[in-house]
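S.K.: Could you put together the complete structure from these sequences and hints?
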Amino acid sequence: MPAQSLEDQFLDTMIAGDAGIGLPIESPEPGTCSWIFTELCAWREGATNRPLWISGSSGCGKSVMSSLILREKNHWIPSKEENGGKMVVAGSFCDRNLNRQTPVWILRTLLYDIFSKNRNLIHTNDLDFWHESGIPEHPIPNLDAFESMESLAKLLGRVANQPSVSEVFLVVDGVYQQTQDAIGLYDLISQVSKHAGSNALPRWILSTRPNNFDRLMRNVRKIDLFEKNRGDMSIVARSRMKNFQRLNPTMSESFVNDVAEILTQRAEGLFLWLTLALKSLGAGTIWDIHSVKEKLQSIPYDVKAIYGGVFENIDRKMQKLLLWVHVAGRPLKISEVLVMWALLDGATSIEEIENKSPSPDTVCRFLESDLKALLALHSDGSIHFAHPSVKDFAQQLFSIPDKGDEPKRMSISKPHTQIAEACLAYLCLDEIRRLDVPEPPVREDGMIDTVKRERDVEQYLGGHCFLEYSIKFLGFHLGENEKNGGDNDGGKMDEFFGGKSQALQQWVRGYDFLVRCARDTGSANSLSLLFISARLNLTSLAEQFISTGSALASLVNIPGMKAIAEGASSLSLVRAQLIDLPDANGWRALHIAADSEAEKVVAWLLRNGAAVDSETIEFLRPGRTALHFAASKTSHTAVRIVRELLDKGANPGLPTMFGGNTPLHCAVQGGSVDMITTLLHHNTRHDPVDPNVPNYYGMTALHKAASIPGWEAVVEVLLANGGDPEQVSSLDKVAVFRGVKDATVVSTLKAMASAKPGAIWESAANTFRGVATNQTALHMAVRAKGTEETVRRLLNWYAERRKTVDSRDSMGYTPLHAAAEGDSCRTHIKLLVDSGLVDVNAQGSDGRTPLILYVRRLGQQQSRDLGDLVSLKQTMDDLLHSGAAADTKDKDGMSAIDYAKQAGPTWAAEKLLNAAVLPHPASLSSGLDSASQPQAESLWGVMGRTKMLLKSFSWW
Numbered sequence: 001m002p003a004q005s006l007e008d009q010f011l012d013t014m015i016a017g018d019a020g021i022g023l024p025i026e027s028p029e030p031g032t033c034s035w036i037f038t039e040l041c042a043w044r045e046g047a048t049n050r051p052l053w054i055s056g057s058s059g060c061g062k063s064v065m066s067s068l069i070l071r072e073k074n075h076w077i078p079s080k081e082e083n084g085g086k087m088v089v090a091g092s093f094c095d096r097n098l099n100r101q102t103p104v105w106i107l108r109t110l111l112y113d114i115f116s117k118n119r120n121l122i123h124t125n126d127l128d129f130w131h132e133s134g135i136p137e138h139p140i141p142n143l144d145a146f147e148s149m150e151s152l153a154k155l156l157g158r159v160a161n162q163p164s165v166s167e168v169f170l171v172v173d174g175v176y177q178q179t180q181d182a183i184g185l186y187d188l189i190s191q192v193s194k195h196a197g198s199n200a201l202p203r204w205i206l207s208t209r210p211n212n213f214d215r216l217m218r219n220v221r222k223i224d225l226f227e228k229n230r231g232d233m234s235i236v237a238r239s240r241m242k243n244f245q246r247l248n249p250t251m252s253e254s255f256v257n258d259v260a261e262i263l264t265q266r267a268e269g270l271f272l273w274l275t276l277a278l279k280s281l282g283a284g285t286i287w288d289i290h291s292v293k294e295k296l297q298s299i300p301y302d303v304k305a306i307y308g309g310v311f312e313n314i315d316r317k318m319q320k321l322l323l324w325v326h327v328a329g330r331p332l333k334i335s336e337v338l339v340m341w342a343l344l345d346g347a348t349s350i351e352e353i354e355n356k357s358p359s360p361d362t363v364c365r366f367l368e369s370d371l372k373a374l375l376a377l378h379s380d381g382s383i384h385f386a387h388p389s390v391k392d393f394a395q396q397l398f399s400i401p402d403k404g405d406e407p408k409r410m411s412i413s414k415p416h417t418q419i420a421e422a423c424l425a426y427l428c429l430d431e432i433r434r435l436d437v438p439e440p441p442v443r444e445d446g447m448i449d450t451v452k453r454e455r456d457v458e459q460y461l462g463g464h465c466f467l468e469y470s471i472k473f474l475g476f477h478l479g480e481n482e483k484n485g486g487d488n489d490g491g492k493m494d495e496f497f498g499g500k501s502q503a504l505q506q507w508v509r510g511y512d513f514l515v516r517c518a519r520d521t522g523s524a525n526s527l528s529l530l531f532i533s534a535r536l537n538l539t540s541l542a543e544q545f546i547s548t549g550s551a552l553a554s555l556v557n558i559p560g561m562k563a564i565a566e567g568a569s570s571l572s573l574v575r576a577q578l579i580d581l582p583d584a585n586g587w588r589a590l591h592i593a594a595d596s597e598a599e600k601v602v603a604w605l606l607r608n609g610a611a612v613d614s615e616t617i618e619f620l621r622p623g624r625t626a627l628h629f630a631a632s633k634t635s636h637t638a639v640r641i642v643r644e645l646l647d648k649g650a651n652p653g654l655p656t657m658f659g660g661n662t663p664l665h666c667a668v669q670g671g672s673v674d675m676i677t678t679l680l681h682h683n684t685r686h687d688p689v690d691p692n693v694p695n696y697y698g699m700t701a702l703h704k705a706a707s708i709p710g711w712e713a714v715v716e717v718l719l720a721n722g723g724d725p726e727q728v729s730s731l732d733k734v735a736v737f738r739g740v741k742d743a744t745v746v747s748t749l750k751a752m753a754s755a756k757p758g759a760i761w762e763s764a765a766n767t768f769r770g771v772a773t774n775q776t777a778l779h780m781a782v783r784a785k786g787t788e789e790t791v792r793r794l795l796n797w798y799a800e801r802r803k804t805v806d807s808r809d810s811m812g813y814t815p816l817h818a819a820a821e822g823d824s825c826r827t828h829i830k831l832l833v834d835s836g837l838v839d840v841n842a843q844g845s846d847g848r849t850p851l852i853l854y855v856r857r858l859g860q861q862q863s864r865d866l867g868d869l870v871s872l873k874q875t876m877d878d879l880l881h882s883g884a885a886a887d888t889k890d891k892d893g894m895s896a897i898d899y900a901k902q903a904g905p906t907w908a909a910e911k912l913l914n915a916a917v918l919p920h921p922a923s924l925s926s927g928l929d930s931a932s933q934p935q936a937e938s939l940w941g942v943m944g945r946t947k948m949l950l951k952s953f954s955w956w
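Under full-length UniProt numbering, think of the first position of the sequence shown as 1, with each following residue one higher.
Wrong hints could be hidden among the right ones.
[Said to hold, decoys possible] Here are the simulated DSS-like pairs of lysine-lysine, each with C-alpha atoms no more than 30 angstroms apart in a straight line:
id : residue 1 : residue 2
1  : LYS472    : LYS320
2  : LYS333    : LYS242
3  : LYS600    : LYS414
4  : LYS228    : LYS320
5  : LYS414    : LYS242
Hints are computed from structural coordinates only; laboratory data are not their basis.
All of these numbers come straight from a predicted model, not from anything done at the bench.
M.R.: Written as structure tokens, this is what we have:
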């Protein structure tokens, strides 16, 4: 086989070997959806930082629309426009592939689409994405970069700035119906915009379910697909009825029109319902208007009810298949399903599996007929839901009713049990147990030889089509079964987890080879089985490891440990020590269990003597405890784990070694109000959690929360529990980068070599605390996008305490200054000036007022990022009407008027010049030195101070 080119290797790594976008997407009915091209052309005329958001519920045809936009780009991007450079259009269909729903995978999919069509844009000398291999012409991909949002965003930014590229359009299609999904999309766009720069911003087209995205990005252009579809419904209904008329010529034209009208009204914008209703009509033989009306009335508008009717009428084996597709760890392939059916039917060898399995064509026929509404077959042989709404229906099958008189639903543990049993049976086959598991191919530098590993994996898996799934996902299904109250007991379980089980040892080695040793290092861990149990939440594995002498002897690779392990009486002496031994990366089993939200194993480890406050000792991020890991999660399971750790004496105040972050800092990053409340209120033997404790960068939990879009509920709970909005951060990185220096920095760095690790970071942090200070939570909130609600709540805190917002950062800037420099200056400036709590004419240490900063931004190239012309003018009016003085000069002797004259825009200079100025009476004296005269104060300045004074009176 010829060696892959570097471009092919790059593309394959970018998409992780899976270039499909999921199921094929049908084209719209001829004559429909043309209105979208008019919308696209109008949108293109607007600001480049304004995304287009196509919003619609399940079944509205969002994916069809997204596919049409990509396929017919010439309808909204005339080819003559490409004369100035290539128009790059790429798409990501994330709800068609469950592995691609995270922001990182959206970027990877988009970049793959771009580079596969424009291979000349791939640079194999990009140091971010390539490592040297020792052979100059054969670098190897840097896998870390492909997992980094920052690196991927930078790469996309570089593409947008290529001289050969005139514009980039990115289509993202997916379910994304939660607010957290909207925040992820917003962060993705922000990251890419930051690296692309204002002159090469990619244009975004988002197609999702309703998720409040317009609340985060207020300048978004929204299309309500539910409403827009209504015009196309009549076209589709009439077209399909005309097809029926051709098959049944006795249908009159009026009958066709009447039925089409009924269908249009009943569909109410949902193409999916219309499709299912037409399919139901097509299966009928009686065609009169009364029977059609009756039939359509019997079809529920809820598509889940339609799916229910289909589900009840299919073979039980096919029902089982639908449930397997729902709970599987990844999309199942037909070949794997055939093996599972045979194993559950009692096959005990590879030969019996082949004899008991139906032909793949049989399954294909079912998928194309009885199951077509529910399941679909991908070109690579994998089985998927036919539509995202089928997943919602499948989930409904497992809902547990609250009332005893309601029909009993099936337990979700049942399909997990069935798949786990199939995996166990497969791993216990003689042919599988006799396979040799390759040793991880480790290079001299300790890294995995990825090329050799790929060859070894291919050889190991061979023709055993169910081996890879069994090894990777057995633990997942066993864990999900236990979590949902299922029973993992049984003959195969006992056989597999027996003390001398060859199948178990094969699985452990196979798991290490396929999963744990996929990158970075190939050294198998001495506590592999214990750590796997921590990952999979299987206490049975942990018990097997810790209580069986032969297991310890075979797995523990520490000098002298084998002799200890062989003496059962000695095991109790080393039990706790074994549990707390770190792996090669410096993690203990308790850390892995907490990070994996393995609740049962966390409790088991604590019962068996695990040190609750043990810290990681890895090189990059040392000093994290299990509480740090669990607190960073957001699930109810994680909250229970945190309570368990606190009950066992975990210290909630321990900082990490490098950053000094406490578990509360980690919880704020996760955004779970329940988690934060648990940490703040839980009684322990340690001091209560103080929300105002800073990390080594001077950031409190409130500082972190205030700067994250959509985190207003977190801010609220921190304020309610004593969080201080006026506490300042101890490190203002902006000021550091502006050139603030301190001689102690050099002396501190020289002394660091002789210090202990913990002292090094504390000393460095203390040094930088003295360099630049004074960012409050409000400073940080107004510098970020999507934090309007947080700003309102912080302002309410000041208003309730009758405080003015007069805190200043190390540049002497107030929060109003910060808002003028922030990403959402328009909305934040209005909130601040409308509150009446700020001094609009406050001057920083450079003499600049918020108005001066705003005018300077207007004169910069990125001013279009601030909004359209109407909003830019409105923001200036907000400042002027609140009393901002246009003629106040900074330390360079420049006023807002001067900056507007110097760099524009023209309208700003005119507006500022029109602001009337009242000269100070003393300035009229002719005999005095002008330098001694008080500066004239504008009429707006007088109004502003009066407004603040009146506001203060209103408090009393």
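S.K.: Between LYS414 and LYS242, does the CA-CA distance stay at or below 30 angstroms?
M.R.: 46 angstroms, violated
S.K.: Hinted pair, alpha-carbon criterion (30 angstroms max): LYS472, LYS320. Please report holds or violated.
M.R.: The given pair, whose Cα atoms are some 21 angstroms apart, holds under the 30 angstroms limit.
S.K.: Is the Cα-Cα distance between LYS600 and LYS414 30 angstroms or less?
M.R.: 20 angstroms, holds
S.K.: When you check the alpha-carbon spacing of LYS228 and LYS320, does it fall within 30 angstroms?
M.R.: 38 angstroms, violated
S.K.: Given the proposed pairing of LYS333 with LYS242, does the C-alpha separation stay at or below 30 angstroms?
M.R.: 38 angstroms, violated
Of the numbered hints listed earlier, those contradicted by the structure are 2, 4, 5.
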